[in-house]
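Visitor: One letter stands for each residue in the lines below.
2 protein chains.
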Amino acid sequence: MENQRPLILVSNDDGIMSKGISELLRFIRPMGEVVVMAPDTPRSGTSCSLTTNEPIHYTLVRKDVGLTIYKCSGTPTDCVKLAFHTVLERKPDLVIGGINHGDNSSVNVHYSGTMGVVMEGCLKGVPSIGFSLCSHEPNADFEPSGTFVREIVTRVLEKGLPPLTCLNVNIPAVKELKGVRICRQTNARWENEWENFAHRNDTHYYWLTGEYKNLEPDDELTDHWALDNGYVAITPTTVDVTAYALMDELKTWF
Amino acid sequence: MENQRPLILVSNDDGIMSKGISELLRFIRPMGEVVVMAPDTPRSGTSCSLTTNEPIHYTLVRKDVGLTIYKCSGTPTDCVKLAFHTVLERKPDLVIGGINHGDNSSVNVHYSGTMGVVMEGCLKGVPSIGFSLCSHEPNADFEPSGTFVREIVTRVLEKGLPPLTCLNVNIPAVKELKGVRICRQTNARWENEWENFAHRNDTHYYWLTGEYKNLEPDDELTDHWALDNGYVAITPTTVDVTAYALMDELKTWF
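Chains A and B, in that order, give the protein sequences. The first sequence begins at 0 in numbering that gives the first Met the number 0 and counts up by one. The second sequence begins at 0 in numbering that gives the first Met the number 0 and counts up by one.
By construction, these hints were calculated from the structure, which means they are not laboratory data. Be aware that a few hints might be false.
Because identical chains share one entry, a pair is satisfied inside a single copy or across any pair of copies.
Unchecked claim - Listed below are the simulated SDA-like cross-link pairs for lysine to any residue, each with C-alpha atoms no more than 25 Å apart in a straight line:
no., residue 1, residue 2
1, Lys212, Phe253
2, Lys18, Asn52
3, Lys123, Tyr243
4, Lys123, Asp239
5, Lys177, Arg89
6, Lys250, Asp239
7, Lys174, Asp217
8, Lys123, Asp140
9, Lys90, Lys212
10, Lys250, His198
11, Lys18, Ala244
12, Lys158, Ala172
13, Lys158, Glu175
Given the sequences, and given the hints that come with them, work out the whole structure.
Guide: Structure follows, in structure tokens:
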């Protein structure tokens with residue numbers, strides 16, 4: 000990296016046209032050479048999904064000094080994989096997903112296409128960060144996030160992250176952020192998840208909706224507590240999902 | 000559960016017509032009341048993805064003594080969520096994903112729709128197991144798996160699983176299985192992931208493929224080692240992806 004500016008790969012799940020990714024680029028563009036490979040349409044809730052049954056394609060949108068933007072027909076995870084294979088001239092120093100329109104803390108990490116970007120960057124051995132603002136508004140105000148996004152990116156570029164770990168950063172949609180908290184994933188459950196849309200003969204139609212139920216609302220170590228109380232929540236996240244604590248017990252079963 | 004047979008929800012990602020789910024039903028049908036809600040078409044590589052931008056629908060396929068089968072237009076995760084909301088008369092005692100056609104050990108856990116079923120069952124507070132056979136053949140031989148599938152299901156019905164944990168069970172496609180091993184997730188990387196399919200004007204088409212590279216091939220604790228050596232690999236898996244070991248270090252950064 001001597002004499003080279005950091006190379007930063009950016010993707011998201013709200014798609015190339017979203018305000019969140021534009022605002023992210025505005026915040027981080029001075030910090031390195033930025034390459035964007037983002038979905039050409041919104042891909043919320045796509046998790047780490049892959050396109051396995053058809054080809055995907057990408058196209059250059061714009062090339063400017065220090066910023067190159069591609070759009071891609073695939074999922075967020077496809078975007079990262081394809082960028083590594085095609086348009087990145089070297090292994091990037093950082094992969095960023097976001098800034099997402101909507102909360103990806105707590106159990107939402109599993110459904111998040113933004114975190115799909117981040118998990119994939121991490122699996123490729125690159126420090127990776129997901130940023131999400133807790134507002135689904137297309138025109139949400141990302142401005143208060145800027146200072147924190149830049150500070151977190153600076154720290155990760157300086158210090159790196161251990162293997163198999165990445166950061167899931169969620170930001171409350173408030174004007175005055177109180178600071179940063181290092182958190183664990185909140186245990187929560189989605190309830191009343193479906194709106195009954197219609198019945199046609201024997202076929203039943205439902206639309207996904209739902210109510211988020213925090214199962215530990217008073218625990219100050221959780222990411223959802225931080226968000227509820229005006230803090231930026233940084234949840235260190237692992238791609239090694241082994242439940243190590245259960246291994247010895249299971250050995251007694253067989 | 001007194002006087003009640005266990006209620007088992009089954010889904011998969013290869014779709015309702017796959018051999019793997021039929022074979023699973025043959026193995027487990029004597030063990031409880033089985034309800035299937037499975038995708039109407041193959042949904043491989045869909046991870047924990049959700050259908051957020053259109054309604055989904057389900058239809059009864061068949062109702063028999065102890066076995067009810069529904070097909071659903073959604074993702075594997077949608078299937079689980081929708082079954083809980085609509086067709087299950089009570090909270091099930093077990094959620095099973097599979098039997099998948101193809102290996103979901105190692106880093107593949109993140110892309111797997113089969114494990115999407117299992118993670119969702121786990122997030123709903125129900126003991127959940129994913130079964131995958133390491134063969135993509137549509138007509139793969141699932142017969143040697145039967146004994147192990149039944150044994151693992153029996154143990155989990157007896158003993159349950161701790162909160163936030165589930166099982167990722169992978170089975171080598173061999174005639175003679177050597178037994179069961181309790182494993183951790185292998186660290187691995189996918190390489191050469193894209194086949195360049197075509198270029199049309201400025202648009203570049205690629206098809207997902209790839210070579211699996213095991214980064215710790217000699218580690219006997221890993222799931223891939225177990226599979227390579229003829230054992231059924233049981234990897235206990237957590238839905239709490241917090242990287243706890245990194246929390247203290249991160250607190251010094253801000």
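Visitor: Compare the structure with each hint and give your call.
Guide: Each hint, compared with the structure:
| no. | hint | result |
| --- | --- | --- |
| 1 | Lys212 with Phe253 | neither (37 Å within a copy, 30 Å between copies) |
| 2 | Lys18 with Asn52 | between (30 Å within a copy, 19 Å between copies) |
| 3 | Lys123 with Tyr243 | both (23 Å within a copy, 21 Å between copies) |
| 4 | Lys123 with Asp239 | both (13 Å within a copy, 21 Å between copies) |
| 5 | Lys177 with Arg89 | neither (37 Å within a copy, 44 Å between copies) |
| 6 | Lys250 with Asp239 | both (20 Å within a copy, 22 Å between copies) |
| 7 | Lys174 with Asp217 | within (24 Å within a copy, 53 Å between copies) |
| 8 | Lys123 with Asp140 | neither (32 Å within a copy, 34 Å between copies) |
| 9 | Lys90 with Lys212 | between (40 Å within a copy, 17 Å between copies) |
| 10 | Lys250 with His198 | neither (48 Å within a copy, 52 Å between copies) |
| 11 | Lys18 with Ala244 | neither (42 Å within a copy, 34 Å between copies) |
| 12 | Lys158 with Ala172 | neither (28 Å within a copy, 43 Å between copies) |
| 13 | Lys158 with Glu175 | neither (27 Å within a copy, 49 Å between copies) |
Consistency with the previously given hints fails for numbers 1, 5, 8, 10, 11, 12 and 13, ordered from lowest to highest.
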